[in-house]
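Each of the two chains sits in its own frame; use the hints to bring them together as a complex.
Here the protein sequences line up with chains A and B, keeping their order.
Count the first sequence with my numbering and you get residues 1 to 116, in order.
Count the second sequence with my numbering and you get residues 117 to 225, in order.
Simulated from the structure, these hints should not be mistaken for laboratory data.
On a predicted model such as this, the values are computed, not experimentally measured, just so you know.
Any given hint might turn out to be false.
[What the hints assert, rightly or not] On the chain B side, residues computed to face chain A include the following (Cβ under 8 Å): (1) S146; (2) A147; (3) G157; (4) G158; (5) M164; (6) A210; (7) L213; (8) G216; (9) G218.
The C-beta atom is built at its ideal place from N, Cα and C for all residues, glycine as well.
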Amino acid sequence: EPEVTQTPSHQVTQMGQEVILRCVPISNHLYFYWYRQILGQKVEFLVSFYNNEISEKSEIFDDQFSVERPDGSNFTLKIRSTKLEDSAMYFCASSLPSGTERYEQYFGPGTRLTVT
Amino acid sequence: KNEVEQSPQNLTAQEGEFITINCSYSVGISALHWLQQHPGGGIVSLFMLSSGKKKHGRLIATINIQEKHSSLHITASHPRDSAVYICAVNTGTASKLTFGTGTRLQVTL
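Bound-form chain B, shown alone (with noise of 0.2 Å):
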């Protein structure tokens, strides 16, 4: 079973500050998920990736496969940034995703 831990639980920041979520993990996986769920309940699909690092814009996600780690970064920060941000993986051959607790950000004027 694959034990996902976030931290920051909570983040306030200012416009324009540059943001950084961390994503650890205890077992193995194929693939980490960065999720984005607004106030409405939605949840929207953000990165994946299995190594290395991807850049969308003014988001950027990391990933250190050997230290079971990943960050999500945000440049720039913006009030509609303002959501909570979860961490997700797939483990093994499974398809199904097991979730952290979510990092809820808030960024003020």
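Okay, chain A solo, but in the shape it has when bound (with noise of 0.2 Å):
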């Protein structure tokens, strides 16, 4: 069965550092999610990404984020300058670009990340 991957699954970086999580979305998807959990806390969306540009963002995701699909197969978030806050899992999603099948998202196992 298609699913949907990440990596890596931990990442540990500096304050200050830029990271780069990676997602290869279900093949046929067209729509991608990026969604972060802190520790304790509920799932929060940051951004969905169609058709290559942003198609929503939220508060959270400001300048110090950006997301890009620099291949066909591949979706990134990268963060520029971390902060202690940042740390958290972050979700990967996709789903199908038409009617109510875009609203069915599978998720990637996740990216923890750690900011020290």
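See below:
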């Protein structure tokens, strides 16, 4: 069964460093998302991406964040200068593009980001 | 902005018990999702529904659009059902999900 994959599973970085989190969505999906979950808190929406551009972003997704689909398979989230409060589990998700199927999202296993 | 509330926050049950987890939301939705998150962190979709009722094995999800309320039921609970169960909604035409805080379920022998 097709699945969303994410790498790395765990990333440790120092404050101020840049990190890139990688995702490979399901191959025929065209909507892509990033969510984050700070330890002990609920999952929060960061950004959605469709047709090679951001379709929606949350207040959390400020200038420190960017997303890119550099080729036909990868979808990346970059944090330019990490802060301690960026420590969280980051989930990538993807969905089909049309009708109600776009509401059904398939999640990757997550990348745990630890900023020290 | 849609507020999604779940109850209870924590639930302990004995194996075999019937379990109900509730979800309410504040604004009309396009779809409601029930998700399962295991201790390792991964999220698995259990149901997506916009009306009525769905059943998969021992899991049943219902939704009442007028009352803005959904329930997830687990029949004959088992320790392997222990996980966090999360309610999430799509609002309007937006495909993004708004999540509840989750219900932590522990099923003991």
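Results for each hint:
1. S146: holds, 6 Å
2. A147: holds, 4 Å
3. G157: Since chain A brings a Cβ to about 5 Å from G157/B, closer than 8 Å, the hint holds.
4. G158: holds, 5 Å
5. M164: holds, 5 Å
6. A210: holds, 6 Å
7. L213: OK, holds: L213/B within 8 Å of chain A, min 6 Å.
8. G216: With a minimum Cβ separation of about 7 Å from chain A (threshold 8 Å), the hint on G216/B holds.
9. G218: holds, 6 Å
Hint check: no violations occur; every hint is consistent with the structure.
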